[in-house]
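2 protein chains.
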Amino acid sequence: MTEAISPLAPKTLPDMPPVPGVTLATRKAGIKYADRTDLLTMLFEPGTTVAGVFTRSRCPSAPVETCRDHLPGGRARMLVVNAGNANAFTGKKGRATTAVTVKAAAAAAGCGESEIFLSSTGVIGEPLDPAHFERHLLDMAATARPDGWVDAARAIMTTDTFAKMVTRTVSIGGVDVVVNGISKGAGMIAPDMATMLAYVATDAPLSAGVLQQLLDRYVGTTFNAITVDSDTSTSDTLLAFATGAAAGRGAPAIADPEDPRLAAFAEAFADCLRELAVMVVRDGEGARKLVRVTVTGAESDASAKRIAMSVANSPLVKTAVAGEDANWGRVVMAVGKAGEPADRDRLAIWFGDILVASEGERAEGYSEAQASEYMKADEIDIRADIGLGDGCFTAWTCDLTKEYVAINGDYRS
Amino acid sequence: MTEAISPLAPKTLPDMPPVPGVTLATRKAGIKYADRTDLLTMLFEPGTTVAGVFTRSRCPSAPVETCRDHLPGGRARMLVVNAGNANAFTGKKGRATTAVTVKAAAAAAGCGESEIFLSSTGVIGEPLDPAHFERHLLDMAATARPDGWVDAARAIMTTDTFAKMVTRTVSIGGVDVVVNGISKGAGMIAPDMATMLAYVATDAPLSAGVLQQLLDRYVGTTFNAITVDSDTSTSDTLLAFATGAAAGRGAPAIADPEDPRLAAFAEAFADCLRELAVMVVRDGEGARKLVRVTVTGAESDASAKRIAMSVANSPLVKTAVAGEDANWGRVVMAVGKAGEPADRDRLAIWFGDILVASEGERAEGYSEAQASEYMKADEIDIRADIGLGDGCFTAWTCDLTKEYVAINGDYRS
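If you're matching them up, the sequences are chains A and B in order. In terms of our numbering, the first sequence opens at residue 1 and continues consecutively. In terms of our numbering, the second sequence opens at residue 1001 and continues consecutively.
The following block holds chain A by itself, in its conformation from the complex:
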């Protein structure tokens, strides 16, 4: 496993303020890792609303099923997250563990079972002992503090090389509210591990319906626009919580997603999701370069997304970026294989600001030396214009390096 921090990590850590209505606690539960925190709880004030989106895997983990069951209630009082064991493909034992954990959490928080949300990240197929949770939850609820965001981001890491946090303060109806977020993992980022997890909390007074609408609106262009290795986890979970505590400072309750007072908040919320998502790519296994793939001129946005993901997932494009090789022929290949409407003779491709190909052939005056120089950067922009319509999409990925193979293939040798 890699020990060094990703070279693409943010240079500074954000100063994470408390979110009124949220308290946090972490513990060393010893689920898999020795001598580090691996258990996180977030407690929410009564009345906190919740929204979520989950993996589309047909083999979801037991905690994902619990969250799906509880989400229609729209209320959350406690989130419990562990690292080191995904409780995925664990059969009846896995469901027994989530049932015991939900009961213990509800007792600790003094709430109904449907107000408990769970996530687990780590090994697939290994039974997870519910005693880890029963032992700690009561004490964690009793000692939770509002200032634990950095510790929270650390406790959910598996082989992440840096803790992922974001914060924004934004006005809603003239009152400042806070949006905090944490995330971990990149696709199935690590040996035997599975999970992308992200949590966003705000003190804005938003209904569960508004919160879900915001998630649905922005997840497609943020978390669903990133890829490290095209391998979708069994446990992907993005949950958003709104405590409503800012109502006490005069913030208006928002129950209509079209409410104009929501506009600035929605933008900050989308911004948080995007930043958390791109941080996951910055910590992709073995990543040395961040790659932004923009497709314009497709027949529709959906078509542009499929083409962008075809480029972003192409092993040959990703190895070329790793080799600092301006190999635009592989971008042509990846556009061509996407199965979407495209016309070879209208296609144009840029690396950064450099036009490398247009009208079905290498661009006039293309300089290999100039393009190769560009490829040395840490952050690479690839743009393809399809020349057919107005559809556009931006995806983020990283390069494919020998370290990726080493991390995922060598760890037993």
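These are calculated hints, taken from the structure and not from any lab test. Wrong hints could be hidden among the right ones.
The calculated DSS-like cross-link candidates involving lysine-lysine, where the alpha carbons are at most 25 Å apart (straight line), are [as the list claims (entries may be wrong)]:
hint	chain 1	residue 1	chain 2	residue 2
1	A	93	A	28
2	B	1402	A	402
3	A	28	A	103
4	A	103	A	93
5	A	376	B	1402
6	B	1103	B	1028
7	A	402	B	1376
8	A	402	A	376
9	B	1103	B	1032
So, partial list: chain B residues that the calculated Cβ filter (under 7 Å) puts toward chain A [claimed, not checked]:
hint	residue
10	1103
11	1124
12	1231
13	1319
14	1332
15	1362
16	1365
Label pairs and their calculated CB-CB ranges [said to hold, decoys possible]:
hint	chain 1	residue 1	chain 2	residue 2	range
17	A	270	B	1341	32 to 38 Å
18	A	306	B	1014	38 to 44 Å
19	B	1112	A	346	30 to 36 Å
20	A	373	B	1134	34 to 40 Å
Every residue gets a Cβ at the ideal spot worked out from N, C-alpha and C, and that includes glycine.
Following the hints, position chain B against chain A.
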């Protein structure tokens, strides 16, 4: 680039007999490689029928377009193949080159232009000078010989580590006929290269319609069932030729694909396609292990194929195989992400004969030591039973090694 022969290469070369009605020639045209053959022609007797399937890329190479234009005629007299330059994404220049080449080949073979078929494999985006063909084709047609199959398989290699050939002799209406095939390349197998090419020739008297039906029937479970890196080339071409020369020895002309006299031939033909296709995987970039992925119990064969390809294309499954790691959790992940009907709690997974998971959890009595021992083999069988229906499919892939990344990312450093 790798120099060593793939450890998965066949241990013996087949003895390639002539195909009556086919003569071959190769030349060192110096298109890209120094001091090796890079140009192949096959000449066919008048009356030879032809069928073909091509890349579904929206950015196909110029030679693919030529083949598509000529195929409706159903007749072939000459095939021209070069290695070192794919004539792909070369715009008007590319089309001018194929036009000049077709004209030169038709003059050399003394036939109509629609009886000429072309393929090019190599760099994308580099103009291909038609003089390479004009200089050689007349002489190649004049000196072609029936016994040139091994040389032919070598002339079309790019970074292949071994020449790929197959032969079968099979009876059709009581008369023995020959089926010979050659292929090259694995997806986009090499730096800047693009192309999977395969050619099959027989002296059986088959109509073009019968030949096309056979290709359409078998390509899905052979060439379209293999993957090295999920990157579809701009130039994939599979052409089949039937000279009909065996009619002179009493073989019946077959014009109906349901003709019962075709049965044994069809089986041998399918066998040739499968063997050529699997040889392409055996020579996949950096491949150290051949992996057969079989999905049974899916809702339909089409669904089984999508699940099998999701497993076969998963970087995490492929790196686990490279690491000789019996990581069945990644197979669960890949089944789950395929987007096909699946029920986690009915899923069963085998590595070889070892049941590793069933009914949604690790199998009773599963031995990690036994499974790890199995993973040391050169050829790995992964089987997943979905438990929903009768759909099944088998795909072939190889492991994902650091050599793959080195071959595709390091070659400029």
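Tested hints:
Taking the CA atoms of residue 93 of chain A and residue 28 of chain A, the gap is about 23 Å. The hint holds against a cut of 25 Å. The suggested pairing of residue 1402 of chain B with residue 402 of chain A holds, with an alpha-carbon distance near 5 Å, which does not exceed 25 Å. Using a Cα cut-off of 25 Å, the hinted pair residue 28 of chain A and residue 103 of chain A holds, with the two alpha carbons roughly 21 Å apart. Note on residue 103 of chain A and residue 93 of chain A: the hinted pairing holds, with a Cα-Cα distance of about 16 Å set against a maximum of 25 Å.
The hinted pair formed by residue 376 of chain A and residue 1402 of chain B meets the criterion: a straight-line CA distance of about 21 Å does not exceed 25 Å. A distance of roughly 21 Å separates the Cα atoms of residue 1103 of chain B and residue 1028 of chain B; the hinted pair therefore holds under the 25 Å criterion. For the proposed pair residue 402 of chain A and residue 1376 of chain B, the alpha carbon gap of about 21 Å is at most 25 Å, so the pair holds. Under the criterion of a C-alpha separation no larger than 25 Å, the hint pairing residue 402 of chain A with residue 376 of chain A is consistent with the structure, at around 17 Å.
This hinted pair checks out: residue 1103 of chain B and residue 1032 of chain B have alpha carbons roughly 23 Å apart, not beyond 25 Å. A cut of 7 Å between beta carbons decides the hint on residue 1103 of chain B: the least distance to chain A is about 22 Å, and the hint is violated. At about 3 Å, the closest approach between the beta carbon of residue 1124 of chain B and any beta carbon in chain A falls short of 7 Å, and the interface hint on this residue holds. Taken as an interface hint, residue 1231 of chain B checks out: its beta carbon lies about 5 Å from the nearest beta carbon of chain A, inside 7 Å.
With a least beta-carbon distance of about 4 Å to chain A, the hint placing residue 1319 of chain B at the interface is held under the 7 Å criterion. Nearest Cβ of chain A to the Cβ of residue 1332 of chain B: about 5 Å, under the 7 Å cut. The hint holds. Restraint check, residue 1362 of chain B versus chain A: the minimum CB separation of about 5 Å is within 7 Å; hint holds. Interface restraint check for residue 1365 of chain B: the shortest CB-CB distance to chain A comes to about 14 Å, outside 7 Å, so the restraint is violated.
Range check, residue 270 of chain A to residue 1341 of chain B: about 33 Å between beta-carbon atoms, so the 32 to 38 Å window is met. Under the hint 38 to 44 Å, the C-beta atoms of residue 306 of chain A and residue 1014 of chain B, about 42 Å apart, fit the expected range. A hinted range of 30 to 36 Å for the beta carbons of residue 1112 of chain B and residue 346 of chain A is consistent with their spacing of about 32 Å. Between residue 373 of chain A and residue 1134 of chain B, the C-beta spacing of about 38 Å keeps the proposed range 34 to 40 Å intact.
Checked against the numbered hints given earlier, the structure breaks hints 10, 16 and satisfies all the rest.
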